[in-house]
Amino acid sequence: MLLMTTGSPLVKRGLADMLKGGVIMDVVTPEQARIAEDAGAVAVMALERVPADIRAQGGVARMSDPDLISAIIETVSIPVMAKARIGHFVEAQVLQHLKVDYIDESEVLSPADYVHHIDKQAFTVPFVCGATNLGEALRRIAEGAAMIRSKGEAGTGDVSEATKHIRTIRGEIARLHATYQANPDELYAAAKELSAPYDLVREVAETGALPVVLFTAGGVATPADAALMMQLGADGVFVGSGIFKSGDPAARAAAIVKATALYNDPAAITEASRGLGEAMVGINVADLPAPHRLAERGW
Amino acid sequence: MSAVTVGVLALQGGVREHVRLLEELDARTVPLRTPSDLVGPDGLRVDALVLPGGESSTIDRLLRIFGLFEPLRDAVAGGLPTLGTCAGLILLAREVLDPAPGQQSLGVLDVTVRRNAFGSQVDSAELDLDTVDGPVNVAFIRAPQVVSVGPGVDVLARRDQAIVGVRQGAITGIAFHPELTGEPLFHRRLLETATASTPPARSVA
Numbered sequence: 001m002l003l004m005t006t007g008s009p010l011v012k013r014g015l016a017d018m019l020k021g022g023v024i025m026d027v028v029t030p031e032q033a034r035i036a037e038d039a040g041a042v043a044v045m046a047l048e049r050v051p052a053d054i055r056a057q058g059g060v061a062r063m064s065d066p067d068l069i070s071a072i073i074e075t076v077s078i079p080v081m082a083k084a085r086i087g088h089f090v091e092a093q094v095l096q097h098l099k100v101d102y103i104d105e106s107e108v109l110s111p112a113d114y115v116h117h118i119d120k121q122a123f124t125v126p127f128v129c130g131a132t133n134l135g136e137a138l139r140r141i142a143e144g145a146a147m148i149r150s151k152g153e154a155g156t157g158d159v160s161e162a163t164k165h166i167r168t169i170r171g172e173i174a175r176l177h178a179t180y181q182a183n184p185d186e187l188y189a190a191a192k193e194l195s196a197p198y199d200l201v202r203e204v205a206e207t208g209a210l211p212v213v214l215f216t217a218g219g220v221a222t223p224a225d226a227a228l229m230m231q232l233g234a235d236g237v238f239v240g241s242g243i244f245k246s247g248d249p250a251a252r253a254a255a256i257v258k259a260t261a262l263y264n265d266p267a268a269i270t271e272a273s274r275g276l277g278e279a280m281v282g283i284n285v286a287d288l289p290a291p292h293r294l295a296e297r298g299w
Numbered sequence: 001m002s003a004v005t006v007g008v009l010a011l012q013g014g015v016r017e018h019v020r021l022l023e024e025l026d027a028r029t030v031p032l033r034t035p036s037d038l039v040g041p042d043g044l045r046v047d048a049l050v051l052p053g054g055e056s057s058t059i060d061r062l063l064r065i066f067g068l069f070e071p072l073r074d075a076v077a078g079g080l081p082t083l084g085t086c087a088g089l090i091l092l093a094r095e096v097l098d099p100a101p102g103q104q105s106l107g108v109l110d111v112t113v114r115r116n117a118f119g120s121q122v123d124s125a126e127l128d129l130d131t132v133d134g135p136v137n138v139a140f141i142r143a144p145q146v147v148s149v150g151p152g153v154d155v156l157a158r159r160d161q162a163i164v165g166v167r168q169g170a171i172t173g174i175a176f177h178p179e180l181t182g183e184p185l186f187h188r189r190l191l192e193t194a195t196a197s198t199p200p201a202r203s204v205a
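If you read the sequences in order, they're chains A and B.
Numbering follows my numbering, in which position 82 of the first sequence is assigned residue number 82; successive positions increment by one, without gaps.
Numbering follows my numbering, in which position 193 of the second sequence is assigned residue number 193; successive positions increment by one, without gaps.
This is chain A alone, in the form it adopts within the complex (with noise of 0.2 angstroms):
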């Protein structure tokens, strides 16, 4: 008889780990999903409005159809996930249910608990969380998540809030873990300034990096924008609105692949953002009156 564990942390950052250096697609039918995987997304998020339609339309976004979800599922081969509200634990479980692959609990949609997110420890399905800074992104790993993206500002087309997120993150890795060889005994006042646990900021000091893959989010456009968060140091790229919001979604989305492949080549990033057609028109983020903006939604 073999000795089975489903949901350890190890299976659920394993699935993470397989989709490093690879897109994850936004998309809204099942037509775009087969787009997507025809052009080597390593997985979609399935929703019904993408941030900018979502940006657009104002309202109160929830969960998808399980319709959708369920069409989606049966259309592609590679892992889907789906987007649940911040604290709402019964989407969860409909998602879990679904059998997706990987859920979001993300402040794309509207939240649903201002003090609590979701306990993810307690499902078998893994969760991604958005993050702006190394605090965050260990409350939530704390709390279960098992992948990590950096929030960006969704549906804007404006990359600068997803540089600055990975920036900031990478960049506090970075002193946790020189201020563990300089002087290990402060790593207690950085665990209280960061309102993290202290093991998991010990173990962020120790090895220099997160214990779950690292993404980022919100705001990429162009192969130059995915390769830009490459370089930066991102495991791997979400693409939102970006591709579907495009005048040639199709090849958009295989340059794109590409363009995170080779993320150092500026050669093969070149050929990769000819004839595109039109990028998606977006907004400045520093237009966006601060009620507007996303990424503050989360703590």
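Treat the hints as calculated values from the structure; they're not laboratory data.
A couple of the hints might just be wrong.
Non-contacting residues of chain B with respect to chain A, defined by C-beta distances greater than 10 angstroms in every case (computed) [said to hold, decoys possible]: (1) 26; (2) 28; (3) 36; (4) 39; (5) 78; (6) 119; (7) 134; (8) 155; (9) 188; (10) 192.
Sample of chain B residues at the chain A side, in silico, Cβ under 8 angstroms [what the hints assert, rightly or not]: (11) 37; (12) 57; (13) 61; (14) 62; (15) 64; (16) 101; (17) 121; (18) 122; (19) 124; (20) 125; (21) 126; (22) 127; (23) 139; (24) 151; (25) 154; (26) 180.
All C-beta atoms in this analysis are idealised placements derived from N, C-alpha and C, irrespective of residue type, glycine included.
Given the coordinates of chain A, work out where chain B should sit on it, guided by the hints.
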């Protein structure tokens, strides 16, 4: 004796974990992204090959886009000791069931594999497995299984009835991830095979 040089296909997926495990076993590793990483003017630049886990349809597509598909196929078919895990097993297989549209494989290992044969991620699991080389603790992540093997292919491991590990000559294909649990058995065996088959000229290079 100089270290064995292992090329680890690094287009997408769980590359880092293989590199770490190989370096713990005192191998030298080289990431493979372009044809010139694999083949130089004097022939092959590596003594062995690891095809890691990842998304097999993505890796296949990138192999073809970057012109690595044929050089890799020729190197493995030419006898280069090779270990493929999960998506790597799928890439090696002669036939792939439930492929993504247009998905191809190198066709160098005489087996038929079914992608994602054990269910979705909630069915992914860590488990203890008996193999012909000894017991191992490994992870199955949306794993494939081998549904048929040709003559000359040895079965290394089964999970219940399903074939999950095979060997044909210098090629080993496994449906699971020893690199996630840090299980060194298969990598050690790869390095032994490479050491035994490496001509002296290359081992001093």
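Does residue 155/B clear chain A by more than 10 angstroms, comparing its Cβ with all Cβ atoms of that chain?
Answer for residue 155/B: holds, closest chain A Cβ roughly 17 angstroms.
Assertion that residue 119/B lies outside the chain A interface [Cβ separation over 10 angstroms]
The assertion about residue 119/B is violated, with a minimum of 8 angstroms to chain A.
Run the C-beta distances from residue 78/B to all of chain A and say if the shortest one exceeds 10 angstroms.
25 angstroms, holds
Measuring Cβ to Cβ, find out whether residue 188/B lies farther than 10 angstroms from everything in chain A.
21 angstroms, holds
If we take the beta carbon of residue 36/B, is the closest beta carbon in chain A still more than 10 angstroms away?
Residue 36/B clear of chain A: closest Cβ-Cβ about 12 angstroms, beyond 10 angstroms.
Is it the case that residue 28/B keeps its Cβ farther than 10 angstroms from each residue Cβ in chain A?
21 angstroms, holds
Next item in the hint list is residue 122/B. Is there a CB on chain A closer than 8 angstroms to its CB?
This hint holds: residue 122/B lies near chain A, its Cβ roughly 5 angstroms from the closest one there, short of 8 angstroms.
Is the interface hint satisfied for residue 61/B? The criterion is a beta-carbon contact with chain A at less than 8 angstroms.
4 angstroms, holds
Supplied contact hint for residue 139/B, tested at 8 angstroms Cβ to chain A
5 angstroms, holds
Would you check whether residue 124/B satisfies its interface hint, that is, whether its CB is within less than 8 angstroms of any CB in chain A?
5 angstroms, holds
Holds or violated: is the Cβ of residue 154/B closer than 8 angstroms to a Cβ in chain A?
Hint on residue 154/B: violated, closest Cβ of chain A at ~21 angstroms, above 8 angstroms.
How about residue 62/B: closest beta carbon in chain A under 8 angstroms, or not?
5 angstroms, holds
Violation of the numbered hints given earlier is confined to hints 6, 11, 15, 24 and 25; the remaining hints are satisfied by the structure.
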